[in-house]
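> Chain by chain, the residues:
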Amino acid sequence: MGQKIPLTVREVPSGKQVLDWIIPKEWNIREAYIKNSRGERIVDLRSSNLHVMSYSAPVHAHLGLKELSEHIYTLPEQPDLIPYRTSYYSENWAFCMSHAQFLSLEDDIYEVFIDSDLKLGHLTFGEAKHQGQTTDEVLLSAHICHPSLANDNCSGLALLACLAERLASRKTRYTYRFLFAPATIGAITWLAENFDSLKIKHGLVMSCVGDGGGPTYKSSRLGDAMIDRAMRHVLTYSFPHADLLDFIPYGYDERQYCSPGFNLPVGLFQRSRFGTFPEYHTSADNLDFIKPKHLASSFNAIWDAIDVLESNRRLLNTKPYGEPQLGRYDLYSPVGGDKRTAERNMAMLWILNLSDGQQTLLDIAERSKLPFKVIRDAAEVLESRGLLSECDAN
Amino acid sequence: MGQKIPLTVREVPSGKQVLDWIIPKEWNIREAYIKNSRGERIVDLRSSNLHVMSYSAPVHAHLGLKELSEHIYTLPEQPDLIPYRTSYYSENWAFCMSHAQFLSLEDDIYEVFIDSDLKLGHLTFGEAKHQGQTTDEVLLSAHICHPSLANDNCSGLALLACLAERLASRKTRYTYRFLFAPATIGAITWLAENFDSLKIKHGLVMSCVGDGGGPTYKSSRLGDAMIDRAMRHVLTYSFPHADLLDFIPYGYDERQYCSPGFNLPVGLFQRSRFGTFPEYHTSADNLDFIKPKHLASSFNAIWDAIDVLESNRRLLNTKPYGEPQLGRYDLYSPVGGDKRTAERNMAMLWILNLSDGQQTLLDIAERSKLPFKVIRDAAEVLESRGLLSECDAN
Amino acid sequence: MGQKIPLTVREVPSGKQVLDWIIPKEWNIREAYIKNSRGERIVDLRSSNLHVMSYSAPVHAHLGLKELSEHIYTLPEQPDLIPYRTSYYSENWAFCMSHAQFLSLEDDIYEVFIDSDLKLGHLTFGEAKHQGQTTDEVLLSAHICHPSLANDNCSGLALLACLAERLASRKTRYTYRFLFAPATIGAITWLAENFDSLKIKHGLVMSCVGDGGGPTYKSSRLGDAMIDRAMRHVLTYSFPHADLLDFIPYGYDERQYCSPGFNLPVGLFQRSRFGTFPEYHTSADNLDFIKPKHLASSFNAIWDAIDVLESNRRLLNTKPYGEPQLGRYDLYSPVGGDKRTAERNMAMLWILNLSDGQQTLLDIAERSKLPFKVIRDAAEVLESRGLLSECDAN
Numbered sequence: 001m002g003q004k005i006p007l008t009v010r011e012v013p014s015g016k017q018v019l020d021w022i023i024p025k026e027w028n029i030r031e032a033y034i035k036n037s038r039g040e041r042i043v044d045l046r047s048s049n050l051h052v053m054s055y056s057a058p059v060h061a062h063l064g065l066k067e068l069s070e071h072i073y074t075l076p077e078q079p080d081l082i083p084y085r086t087s088y089y090s091e092n093w094a095f096c097m098s099h100a101q102f103l104s105l106e107d108d109i110y111e112v113f114i115d116s117d118l119k120l121g122h123l124t125f126g127e128a129k130h131q132g133q134t135t136d137e138v139l140l141s142a143h144i145c146h147p148s149l150a151n152d153n154c155s156g157l158a159l160l161a162c163l164a165e166r167l168a169s170r171k172t173r174y175t176y177r178f179l180f181a182p183a184t185i186g187a188i189t190w191l192a193e194n195f196d197s198l199k200i201k202h203g204l205v206m207s208c209v210g211d212g213g214g215p216t217y218k219s220s221r222l223g224d225a226m227i228d229r230a231m232r233h234v235l236t237y238s239f240p241h242a243d244l245l246d247f248i249p250y251g252y253d254e255r256q257y258c259s260p261g262f263n264l265p266v267g268l269f270q271r272s273r274f275g276t277f278p279e280y281h282t283s284a285d286n287l288d289f290i291k292p293k294h295l296a297s298s299f300n301a302i303w304d305a306i307d308v309l310e311s312n313r314r315l316l317n318t319k320p321y322g323e324p325q326l327g328r329y330d331l332y333s334p335v336g337g338d339k340r341t342a343e344r345n346m347a348m349l350w351i352l353n354l355s356d357g358q359q360t361l362l363d364i365a366e367r368s369k370l371p372f373k374v375i376r377d378a379a380e381v382l383e384s385r386g387l388l389s390e391c392d393a394n
Numbered sequence: 001m002g003q004k005i006p007l008t009v010r011e012v013p014s015g016k017q018v019l020d021w022i023i024p025k026e027w028n029i030r031e032a033y034i035k036n037s038r039g040e041r042i043v044d045l046r047s048s049n050l051h052v053m054s055y056s057a058p059v060h061a062h063l064g065l066k067e068l069s070e071h072i073y074t075l076p077e078q079p080d081l082i083p084y085r086t087s088y089y090s091e092n093w094a095f096c097m098s099h100a101q102f103l104s105l106e107d108d109i110y111e112v113f114i115d116s117d118l119k120l121g122h123l124t125f126g127e128a129k130h131q132g133q134t135t136d137e138v139l140l141s142a143h144i145c146h147p148s149l150a151n152d153n154c155s156g157l158a159l160l161a162c163l164a165e166r167l168a169s170r171k172t173r174y175t176y177r178f179l180f181a182p183a184t185i186g187a188i189t190w191l192a193e194n195f196d197s198l199k200i201k202h203g204l205v206m207s208c209v210g211d212g213g214g215p216t217y218k219s220s221r222l223g224d225a226m227i228d229r230a231m232r233h234v235l236t237y238s239f240p241h242a243d244l245l246d247f248i249p250y251g252y253d254e255r256q257y258c259s260p261g262f263n264l265p266v267g268l269f270q271r272s273r274f275g276t277f278p279e280y281h282t283s284a285d286n287l288d289f290i291k292p293k294h295l296a297s298s299f300n301a302i303w304d305a306i307d308v309l310e311s312n313r314r315l316l317n318t319k320p321y322g323e324p325q326l327g328r329y330d331l332y333s334p335v336g337g338d339k340r341t342a343e344r345n346m347a348m349l350w351i352l353n354l355s356d357g358q359q360t361l362l363d364i365a366e367r368s369k370l371p372f373k374v375i376r377d378a379a380e381v382l383e384s385r386g387l388l389s390e391c392d393a394n
Numbered sequence: 001m002g003q004k005i006p007l008t009v010r011e012v013p014s015g016k017q018v019l020d021w022i023i024p025k026e027w028n029i030r031e032a033y034i035k036n037s038r039g040e041r042i043v044d045l046r047s048s049n050l051h052v053m054s055y056s057a058p059v060h061a062h063l064g065l066k067e068l069s070e071h072i073y074t075l076p077e078q079p080d081l082i083p084y085r086t087s088y089y090s091e092n093w094a095f096c097m098s099h100a101q102f103l104s105l106e107d108d109i110y111e112v113f114i115d116s117d118l119k120l121g122h123l124t125f126g127e128a129k130h131q132g133q134t135t136d137e138v139l140l141s142a143h144i145c146h147p148s149l150a151n152d153n154c155s156g157l158a159l160l161a162c163l164a165e166r167l168a169s170r171k172t173r174y175t176y177r178f179l180f181a182p183a184t185i186g187a188i189t190w191l192a193e194n195f196d197s198l199k200i201k202h203g204l205v206m207s208c209v210g211d212g213g214g215p216t217y218k219s220s221r222l223g224d225a226m227i228d229r230a231m232r233h234v235l236t237y238s239f240p241h242a243d244l245l246d247f248i249p250y251g252y253d254e255r256q257y258c259s260p261g262f263n264l265p266v267g268l269f270q271r272s273r274f275g276t277f278p279e280y281h282t283s284a285d286n287l288d289f290i291k292p293k294h295l296a297s298s299f300n301a302i303w304d305a306i307d308v309l310e311s312n313r314r315l316l317n318t319k320p321y322g323e324p325q326l327g328r329y330d331l332y333s334p335v336g337g338d339k340r341t342a343e344r345n346m347a348m349l350w351i352l353n354l355s356d357g358q359q360t361l362l363d364i365a366e367r368s369k370l371p372f373k374v375i376r377d378a379a380e381v382l383e384s385r386g387l388l389s390e391c392d393a394n
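Protein chains in written order, with the numbering used here: chain G, 1 to 394; chain U, 1 to 394; chain F, 1 to 394.
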């Protein structure tokens, strides 16, 4: 990521209070395995880093099968997959393996070895910023918890990096802030660190954005924030079966951004909804599960929503009494004809009719049931003919 | 009733003006029969007090069948049932009988005898009061018109008495007023007598609460009063097929309470809607028609609604910035597991997210689609950990 | 029309600026034909005035079939119909004919002749006024573009004339203005001429009101103006399948009345929606297509809506505490019985319950789901008994 975009890495020490939380100790793991009595490593961290429950305490012991079983997680209903398990706040250790492998374990004496430590260190997060014309910010946020979860973790990070890269060359109205941080505690820490200087006008959490499901948009706590309307609008056109959900206080880091003290207009964009696809939190959430074309269509949906945020304005019809004589402005194709011309003509009529100083281009797109892009383009043409004037920055 | 609860009986004299009405004369009946020429009592008030139309004038005469027929009410489509008829305001007399009996009458000379009188007397109603911590009142009202109508009349009176009895031993926030009065004129009289001192914050009329239909809740004229929301909420969970109706100005005594000058937040609770079941206003509305289990479930629904009224509060999240670190408060089951734990956890997240000083527990229950009881219990736990503070009495 | 109602004809000269428009030159046509080389008039204006594209420039020439074809409009998918074409603002000429005839044209030299001119003249429109008790106006408007389009043009004019004739003998609250004008430029001109003295409180454009489709009501830009509510209400009862549409800025002259500078409460009433029936803008939109019975039912719907506008009032229940004792006012049929009596009784209860000084009779009709007429009649009876008093003119 640091190669694609200029990433600022920030570290906050263990033990520091961040909002209601304390930065935990830092967990590191170097090696972990289970050996059978013939000395064969039947489970090895090096073959999959899902094999060790995150935050496992160090251990070195010889155990019978029964005793070992108490430290093993499997998924009996998905017998070929390794589960992803974590135990942040209780001192414990465990291995994760496929249920098939577990069933094949013989009665034996096993050597278990986990070389980990949990000690004072840092919580690390990365941040990038694209400066816009104003200091009003758009927050785009993805979480980084485990490197092996392709859709749940990596797809969001990749999409965030692509958005940052693409925006870098654009002149924008808003300043964009890209946050790559551990789920929950990372967002909490970032909010704590920026408590007195938050300028978030719109925001989006993204996760699980590489599979072919959904897409799913969960509105912010506000429910009708501009980002909510923008996402719903663009999804309506690009994905007629998109799943548009009301806010609930369960999910990813929008939980923190939408807590009542902050109440930021931050929504959640996903493809398949987290927890609803069988690959979720297993070894099947790997690179085979996500596809470039799905990442691309996720990118496009968010990019279109960003375009709404950037282009939305409130304009004023300069000839509000009756319709202007469009023919005199070289605006009205007399022959009409194809569907695109018809749509453009309707867009012009809607914009002229509703640009009374109260309604924005997004309001007009919503009421006319025309795509925002069509409205925006038609508004530019009308403005160029002097039929619309700038009302104010929205 | 007077045995179960301390009932104050009030009498208001005939001729007194109450609101737009005049207390009518008091009707009393001692004996009534029809005898055939052989001296046999073929109809006798003693076998069913539905046999005489209420408010019948006294009569003693000998009539042929044709003449008698003009003073007989039957239900040709329900030939075995005796109808319930009343004629408050026109001087007249009539007998009611089954259509089967009517068809069997021979051409004969009949002796009709009604020993009734309609003279200056009193309108009588009963009232009980349960004193709460505040003088704000909850009005619970049932009508008493005819002692033989089990569902239409007696079930409501019985339920009211049970509620009064149960509440007697409780410490409540609200003061409860239980009114047992004749329909219409009784409610009118009570309103007139209490015109200057009404403190009704919530109210419920109950009638036809012992059959197995519905239940039916008809909202108050306000439509979104707390009692309306409470009743709709509890019925949604206890009776998924409950019939939730908008206000109409036809029905029982909520007509008076919801007249525009008072506009009190009083709804109507019924099982089967009045007038829609074949037993309504006939001799079949008897004790066989109502069942203890239906009375019990009616009781429970109203009791749950009272619990909402009593327990609803507006609380304030004391850690509104980000989520509190629930693990530190011994609140978050790390393993999760069963459905009830999941529901409790979601309830906690919803309460913390929405307790911004604006929203009550009922608001939160409605938005989260969780039962009020689950929200109330979770709020108590959060409050005990210092995560919520009392905002104000709602 | 001038025979039915006193019509004031107004002329506005070519070249005059009206709002954003310029009154165009006046087009007149005397003769037009296509002759084949045998001198036969194969197309003649006298047989159908749709044969010449409106606003065609004069021409006299001899052309081969290929060259002629570039000046001919047909409807290949409706091969027996002559299309209606117009070219307001580009200097051009063309003939319109059936596609069947076009296919039968031989390779020949044709003489084309159009004796038209486009020169300074006038735009003409007709206006009639019915003076009411107040100067608040109801605008009823139909367009007159081409005399051969029976449904699109003439039906609206005929309906307007009938309404004017019927209203002439009535004493009304509102003043009614009837406008017969060319589409678009006519409405624009009328608005320009009356710019400083507009008193329009309600308005209706009518067109395509003689066929058996729809009816269709398109709301004003305001969406919930009294005329919108009145039209929706009456159509709900008279045409259960009426098509009730939201405003769009495309259609007839409501486009001008509903432009943002004026934003007048003017809706559009049609039977079949314009552009959706195959006869639209062809020679099949003739007198066979429209029927007296459809014109009559269109008339009745609008007349009923006018009745709502005229009769709607806000009344005050003079006995707002409890229900009045209706029996004492000779208002309550004790026996009840037929459906009409039941409806009248319910209307009385609704009116008494809702006449709190806030709600109009139309509000009450909407909430009670009873026809406005039933509410209005019941209110008159209650008023005659002193149970309602005039609150204010609505």
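Simulated from the structure, these hints should not be mistaken for laboratory data. Here a beta-carbon is modelled for each residue, glycine too, at the ideal position from N, C-alpha and C. Don't take every hint at face value.
[To be verified] Which stretches of chain U does chain F cover? Using the computed rule of at least three CB atoms under 8 Å from a CB of chain F, they are:
no. : stretch
1   : 17-26
2   : 364-371
[Claimed, not checked] Facing chain G, from chain F, some residues (calculated, C-beta under 8 Å):
no. : residue
3   : 15
4   : 21
5   : 221
6   : 222
7   : 225
8   : 226
9   : 262
> Hints first: check each against the structure and report whether it holds.
Going down the list of hints, with the structure as the test:
Residues of the stretch 17-26 of chain U with a Cβ under 8 Å from some Cβ of chain F number 4, which satisfies the need for three, so the listed coverage holds. Judged by the Cβ-Cβ criterion of 8 Å, the stretch 364-371 of chain U is not covered by chain F as claimed, because only 0 of its residues qualify and three are needed. Taken as an interface hint, residue 15 (chain F) does not check out: its beta carbon lies about 14 Å from the nearest beta carbon of chain G, beyond 8 Å. At a threshold of 8 Å, the smallest CB-CB gap from residue 21 (chain F) to chain G is about 5 Å, leaving the interface hint in force.
Proximity of residue 221 (chain F) to chain G holds as hinted, the smallest CB-CB distance being about 7 Å (cut-off 8 Å). Interface restraint check: residue 222 (chain F) against chain G, minimum CB-CB distance 12 Å, threshold 8 Å, status violated. Checking residue 225 (chain F) against chain G: minimum C-beta separation of about 16 Å lies over 8 Å; hint violated. A distance limit of 8 Å between C-beta atoms decides the matter here; for residue 226 (chain F) the minimum to chain G is near 21 Å, and the interface restraint is violated.
Among the interface hints, the one on residue 262 (chain F) holds; its C-beta lies about 6 Å from the nearest C-beta in chain G, closer than the 8 Å criterion.
The earlier numbered hints that this structure contradicts are 2, 3, 6, 7, 8.
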